[in-house]
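Since the structure of chain A is provided, determine the placement of chain B on it from the hints.
Respectively, the protein sequence lines represent chains A and B. Heads up: the first sequence begins at 1 in the working numbering, then just goes up one per residue. Heads up: the second sequence begins at 385 in the working numbering, then just goes up one per residue.
Misleading hints may appear alongside valid ones.
Some, not all, of what chain A presents toward chain B, calculated at C-beta under 7 Å [claimed, not checked]:
| # | residue |
| --- | --- |
| 1 | D59 |
| 2 | A104 |
| 3 | Q105 |
| 4 | I206 |
| 5 | T211 |
| 6 | D221 |
| 7 | L226 |
| 8 | L227 |
| 9 | G230 |
| 10 | K242 |
To be clear, the hints were calculated from the coordinates, so they are not data collected in a lab. Note that CB positions come from ideal geometry on N, CA and C, so glycine has one too.
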Amino acid sequence: MRIIRRTRLALAAALAAAAVAALAACSPAASSGGGSDASAEAPGAGATKIGFIAVGPKDDFGYNQAVYQGVEALREALPGVEVIDAYNIPEDDSAATTMESMIAQGATIIFATSYGHLDAAKKVAEAHPDVVVVHQGGLLDPAPANMGTYFGSVFEPVYLAGIAAGAATETGKLGYVYAIPIPQTLANINAYTLGAQTVRPDVEVIAVSTTSWCTPGTQADRVASLLAKGVDVMTQHQDCTKTIIEATEAAGAYTVGYHADASELAPEGWLTGSEWNWGPLYTQIAQTAIDGDFVGSEFNGNYRADMASGANPFVASEFGPSVSEETKALIAAAAAELEAGGSPFEGPVTAQDGTVKVAEGETPSIETIEQMDYFVKGVTGTTS
Amino acid sequence: MIVEILSGAVRGGTSILYAGLGESVSERSGVINLGTEGAMLVGALGGYAVTAQTGNPWIGVLGGAAAGALLSLVHAVLVVSRGANQFASGLTLFFLALGLTSLFGTGYVSRQINAFTPVKVPVLGDLPVVGPVLFQHDPLVYVAFVAAPLVWWVLFRTRAGLLLRTAGERSDALVVHGYSVTRVRYVATVVGGALAGVGGAHLSIAYANSWFEGMVAGRGFIAVALVIFGMWNPITIAGGAYLFGAALSLASVLQAGGVAVNQFALDVVPFVLTLVVLAVLGKRTLLAAPDELLKVLDNSTSR
Chain A
1 MRIIRRTRLA LAAALAAAAV AALAACSPAA SSGGGSDASA EAPGAGATKI
51 GFIAVGPKDD FGYNQAVYQG VEALREALPG VEVIDAYNIP EDDSAATTME
101 SMIAQGATII FATSYGHLDA AKKVAEAHPD VVVVHQGGLL DPAPANMGTY
151 FGSVFEPVYL AGIAAGAATE TGKLGYVYAI PIPQTLANIN AYTLGAQTVR
201 PDVEVIAVST TSWCTPGTQA DRVASLLAKG VDVMTQHQDC TKTIIEATEA
251 AGAYTVGYHA DASELAPEGW LTGSEWNWGP LYTQIAQTAI DGDFVGSEFN
301 GNYRADMASG ANPFVASEFG PSVSEETKAL IAAAAAELEA GGSPFEGPVT
351 AQDGTVKVAE GETPSIETIE QMDYFVKGVT GTTS
Chain B
385 MIVEILSGAV RGGTSILYAG LGESVSERSG VINLGTEGAM LVGALGGYAV
435 TAQTGNPWIG VLGGAAAGAL LSLVHAVLVV SRGANQFASG LTLFFLALGL
485 TSLFGTGYVS RQINAFTPVK VPVLGDLPVV GPVLFQHDPL VYVAFVAAPL
535 VWWVLFRTRA GLLLRTAGER SDALVVHGYS VTRVRYVATV VGGALAGVGG
585 AHLSIAYANS WFEGMVAGRG FIAVALVIFG MWNPITIAGG AYLFGAALSL
635 ASVLQAGGVA VNQFALDVVP FVLTLVVLAV LGKRTLLAAP DELLKVLDNS
685 TSR
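Okay, chain A solo, but in the shape it has when bound (with noise of 0.2 Å):
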């Protein structure tokens, strides 16, 4: 009876201990200085180390790879501020945990760079406002004070990509893996066929998911049963490209980029692609924080940089051997449109129901374009 007693209080006392260590863990990281001389400084000002946490690993080919390239510019554009950076962060609680012990270190600036980090990103920003905490691809509606979210029209380099695939391929096939239907990956696509349709109005794109941003055994098998369909250029909206691009080249097949620039896996199915070039944006962004100058700028908001206003970081990758010369003429003239006002979307555009989502002679806006969830004609594939 008595041992039984002792092993029962034993438990209960341990429990008890283990409970308020998980409370103690848990409750907001207290936040140095509270709230009240908040308002004497801008969040940011004068900062002397910047956060930024990636979610995949920094040589993947792809995403994070070109968020890495980005902190090395950072770091060198900014010799007085410390950057501290973080991969393999995953897109849960753990994101909010990894800055706020970037916080505690002195960051008074943090860049979370995945779609799926925004809402750990918002709760650290409630949590201090004092730091700027700006979020890469999301959108805030309202933005706080100290926040704001920043990307790039990332299809117009891709439409621009699609031309190059339409111009090559030979069976009229071409090839899309991408992870999830969100709309920046719709808009992907779809814009990538209406390129391709500029060149050859037939061509079918395959649209295939893989429901996750990488995972590779899952892409090997996307890819085959692409290639065994007749598909002769390959694209993707993927974390990590690596896999992807192998197969493709094994098989003979071309190979348009995105995220980095890869040709170096591709020497001669290499057409073209999209990269990403973060470094100068990365320098805008901070700068102006540190010049206290965050609050009310067109950093607190929702920040979306095209290729007309000159500063779009997402741009086009240099052209592989087999581009021929009239390809590159044709592309030169469609990315000058681009900057000078035009968008891939401009009217008609029709879905693949037949309904016409974009009358003719109108142009979406980039709320509208962020808010996709259709394929166009010419897209083999359902979004759901």
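Chain B in isolation, oriented as in the chain A frame:
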């Protein structure tokens, strides 16, 4: 389309097949290893790393096998020598493997390797239907064709296999004849882990030719379920593995073919398939279990 699905089934089911064979060997001796997924993960990274360093994918396969064997050795020490809870040990080792491979694998994410390439079997590979389905794959797939009957033969036609099965059915009988149950179970668990490691290596150096954290994506757990509803028979396990391969590749073929099915629904298919088969087979699966394994299912340990 059928040919594509079947071809994808063989290609995708091979890694699950190796892991299933390994787990059947281990379970036949009375040890359940829920860490099979972990063994596949270390096998995938080990295989990829060794191939990257040596430039030879066959040595990479050995590296993957060794990695899987090593992880399972830890499992053997915990559950055979120390009598620990088999389920807890297996799962813990899985989580350990997940963390370790994610950490040590970061340097290999962008590394290119000299991977296995598909090799068409002369004559047989040119046959209609059968050719693309069975004879136009990488070498490890062909080895798997031989591995399943080989494991069956060792288990049911050799003395070593008899000892192993006795350890799983009536361990006292082994003791009476002067054999060490511990030693038999150690060997079985380590061999099981080695096979699972080869399965993982197939994923990284033949199937996807890349390494990424968590890339095994549940195949190890499918293998464990497979052993149960394959009723611990290597031949039915092989069939089940290819069935799962078909479920996995169904998503690719349907999407590429323009069939409008929700992609998340397709992801669920392999797991729903497992539940359906288990429901249909029902009590039969439990009755086919090695007796010592039933003890484990009752107590979570082999004691």
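What are the numbers of the hints the structure violates, in ascending order? The structure breaks hints 2, 3, 8 and 9; every other hint is satisfied.
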